[in-house]
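Start from the sequences, fold in the hints, and give me the full structure.
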Amino acid sequence: MSGAHESSWTVKVREKAVAALPPEKLLPDGQPTYVASWIYMFGVASIAALVVIITSGTILALKGPAWWHYTGIGHFFNSIHMWAVELFFFAMVVHLWGKYWMAAWRGGRTRVWITGAITFLVAVPTALTGYVSQQNFDAQWISTQAKDGLNSVGVGAFFNVTNFGQMYSYHVLLLPIAVVVLVSAHVLLVRRHGVVPPIELKARLVSASAGEAQAPPTPPPATVGAGS
Amino acid sequence: MSHPAMTAVMGAVFNLNHPAHVVHWHFIKLPLANVLVIASMLVVFAIALFVPFPGAARRAAARRGGGAP
Amino acid sequence: MSLLHPKDDTKPWMGAYQPYDLVKEACIAVGVIALLAILLAVLFSSPDEKPSTVAQWARQLPANFVETAATELDGTSGTATYGPPYNHNGEGQHAAFIYLQKWLGVSHPINTADDYVIGPLRTVPNDPTLQAALAEYQAAPQKTQKAWGEAYATPLEEDAQAEEEGKPLPKTVSIDPHTGMVSVQATGTGPVPVMMTSLLSLARSGGLDGSLLTSKQFFQTDYTNPLLFMADGGLLDQRAEEQHLGGDEWGMMNETGSYPGQAWLWLYALWYQIEPFKNSENADILVMLVMGVLSLAFISIPFIPGVRDLPRKIPIYKLIWREHYAAPASPPPAPPRPQAVPDPRS
Numbered sequence: 000m001s002g003a004h005e006s007s008w009t010v011k012v013r014e015k016a017v018a019a020l021p022p023e024k025l026l027p028d029g030q031p032t033y034v035a036s037w038i039y040m041f042g043v044a045s046i047a048a049l050v051v052i053i054t055s056g057t058i059l060a061l062k063g064p065a066w067w068h069y070t071g072i073g074h075f076f077n078s079i080h081m082w083a084v085e086l087f088f089f090a091m092v093v094h095l096w097g098k099y100w101m102a103a104w105r106g107g108r109t110r111v112w113i114t115g116a117i118t119f120l121v122a123v124p125t126a127l128t129g130y131v132s133q134q135n136f137d138a139q140w141i142s143t144q145a146k147d148g149l150n151s152v153g154v155g156a157f158f159n160v161t162n163f164g165q166m167y168s169y170h171v172l173l174l175p176i177a178v179v180v181l182v183s184a185h186v187l188l189v190r191r192h193g194v195v196p197p198i199e200l201k202a203r204l205v206s207a208s209a210g211e212a213q214a215p216p217t218p219p220p221a222t223v224g225a226g227s
Numbered sequence: 000m001s002h003p004a005m006t007a008v009m010g011a012v013f014n015l016n017h018p019a020h021v022v023h024w025h026f027i028k029l030p031l032a033n034v035l036v037i038a039s040m041l042v043v044f045a046i047a048l049f050v051p052f053p054g055a056a057r058r059a060a061a062r063r064g065g066g067a068p
Numbered sequence: 000m001s002l003l004h005p006k007d008d009t010k011p012w013m014g015a016y017q018p019y020d021l022v023k024e025a026c027i028a029v030g031v032i033a034l035l036a037i038l039l040a041v042l043f044s045s046p047d048e049k050p051s052t053v054a055q056w057a058r059q060l061p062a063n064f065v066e067t068a069a070t071e072l073d074g075t076s077g078t079a080t081y082g083p084p085y086n087h088n089g090e091g092q093h094a095a096f097i098y099l100q101k102w103l104g105v106s107h108p109i110n111t112a113d114d115y116v117i118g119p120l121r122t123v124p125n126d127p128t129l130q131a132a133l134a135e136y137q138a139a140p141q142k143t144q145k146a147w148g149e150a151y152a153t154p155l156e157e158d159a160q161a162e163e164e165g166k167p168l169p170k171t172v173s174i175d176p177h178t179g180m181v182s183v184q185a186t187g188t189g190p191v192p193v194m195m196t197s198l199l200s201l202a203r204s205g206g207l208d209g210s211l212l213t214s215k216q217f218f219q220t221d222y223t224n225p226l227l228f229m230a231d232g233g234l235l236d237q238r239a240e241e242q243h244l245g246g247d248e249w250g251m252m253n254e255t256g257s258y259p260g261q262a263w264l265w266l267y268a269l270w271y272q273i274e275p276f277k278n279s280e281n282a283d284i285l286v287m288l289v290m291g292v293l294s295l296a297f298i299s300i301p302f303i304p305g306v307r308d309l310p311r312k313i314p315i316y317k318l319i320w321r322e323h324y325a326a327p328a329s330p331p332p333a334p335p336r337p338q339a340v341p342d343p344r345s
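Protein chains in written order, with numbering that gives the first Met the number 0: chain S, 0 to 227; chain R, 0 to 68; chain D, 0 to 345.
What the hints contain is simulated information worked out from the structure, not anything from laboratory work. A portion of the hints provided could be inaccurate.
The calculated DSS-like cross-link candidates involving lysine-lysine, where the alpha carbons are at most 25 Å apart (straight line), are [said to hold, decoys possible]:
#1 10/D to 201/S
#2 24/S to 10/D
#3 15/S to 10/D
#4 201/S to 312/D
#5 101/D to 277/D
#6 312/D to 10/D
#7 28/R to 277/D
#8 24/S to 23/D
Written out as structure tokens, the structure is:
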């Protein structure tokens, strides 16, 4: 086994993954003391809403797209799905506002910002494909209107909002996979880089540098940045 | 308009199946529900910024103790 | 330091850590959000306005149906003149020299005369008068077909316009109150009145809904044909206006009834309310391009000078980290944490 070890792709992938995200970084049990605001709750709230969306959506998918129109329980799960979507965008937008005003891309966290922004932008067509898959008047209206915007930029040539079969496939499979992959990348990057430290005030920087001159710098512990 | 039986089937406490009340302000025309959602976001954001986060004593102890738990 | 990489004095955190249960927090969050979603579902439910059908359209607005059908036949309807991706009868929208709609081509061909009128009428059995009218229409030169269509459609259009403007209706269009059939007084209409009367009958029976959907294959999930036909007419517009879903009312953000809709589309909807987009024939592509640029800018905020510096200038961060700032400035250095990574080879 040791002879093939150096060329093993499995070993290379595993070592890279563990180096980037050792277990205590992936699932930390501590977070920096500056994580002390309710604004940090909106990232996990967004993920929680996404879990509720996917769970209720799975039940709707199991029963097929017509179920919710003719049973009370089906309509109830559709309602949960709809309100979870409202909560998802609500939490995501408040999370985005918080992260912007924290300038959370600092300290090498540009990719965290980028994956988050792209997640929001992909969530919008994910919702749109859901709206046009409802098979009711709302779906008729939204699809006949949205087609004009999409056709004007040529996207309508291969993404037809009036084609229920295509839109349902995008909504139930393709776009949720994209959202989950993006959210996972976003969260793993936060785990890797840690939650962004506070913007340091000038007065604190001056007094900190006076204190630092006395003690040699020590490397930071395994970054147990957490929260969101 | 929706079928009367649907209201019974849905069993909602509040029936929102009537045309929306539209809020007009200059060139902005939005249904009340959307205005409430957007206003709630701003209010919740402000609340999140101002309301103290629990665990201050634990954090102060961590700072005094210094370092990772 | 460069434009793309600003001065960034953010150092890795070397200060204190507090205990934190990530898995418990995630479970609590899922529980809270699930309960909130269930509560909202119980309190407010969700909307489900039944869809319109071509049959309903033909019964509720017969004159509008026949007027629309006539324009589909003579190639002057919205769909007939749309251009790509449905046909080559228009160039579509453009922004300066950018003709994306035209460049991406016709991927979903629709011939409105054949697909919406002649094709469905051919399926009507045991009607020699209709089949003779169809034969006469198809044998005629294009110029004659157009003249017949226009002669038939003009009184209908004048009637519709008079109704919209609240003026007295011209007496050239009448609807039988018992049968719902439309009569148009006009000359030089050729076989068009017979065709339109038959199409209205077929539509009222529900046969046209099925014909438009399954004309090419039995199993079908593509509703483009019936939807575009209905969108050319007035029923969907009428229902949308009742529900405040029109574009001039920020409609793309809205939901039927009094439910919240897609509030996150506010910026996309905003452009349609202001010039130069509001009255432009190319409003859609212009708005999409603006939103495309803004979306790229949103993703690229960390690289945009000014925008990336605003958080420092408007110090909302002082509220978020006020406890940290109130604490002593230089926390003692943390002892190195023993690396507990297991040997992957064991």
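Outcome of the hint check:
Restraint check for residue 10/D and residue 201/S: the C-alpha separation of about 14 Å stays at or below 25 Å, so the hint holds. Our distance criterion of 25 Å between C-alpha atoms is met by residue 24/S and residue 10/D, whose separation comes to about 18 Å. Of the pairs offered as hints, the one joining residue 15/S and residue 10/D holds, with about 24 Å between alpha carbons and a cut-off of 25 Å not exceeded. Note on residue 201/S and residue 312/D: the hinted pairing holds, with a Cα-Cα distance of about 13 Å set against a maximum of 25 Å.
The suggested pairing of residue 101/D with residue 277/D holds, with an alpha-carbon distance near 22 Å, which does not exceed 25 Å. A distance of roughly 20 Å separates the Cα atoms of residue 312/D and residue 10/D; the hinted pair therefore holds under the 25 Å criterion. Between residue 28/R and residue 277/D, the direct Cα distance comes to roughly 15 Å. Compliance with the 25 Å bound is thereby established for this hinted pair. Distance hint between residue 24/S and residue 23/D is fulfilled; the C-alpha atoms sit about 16 Å from each other, no more than 25 Å.
Consistency note: the structure conflicts with none of the earlier hints.
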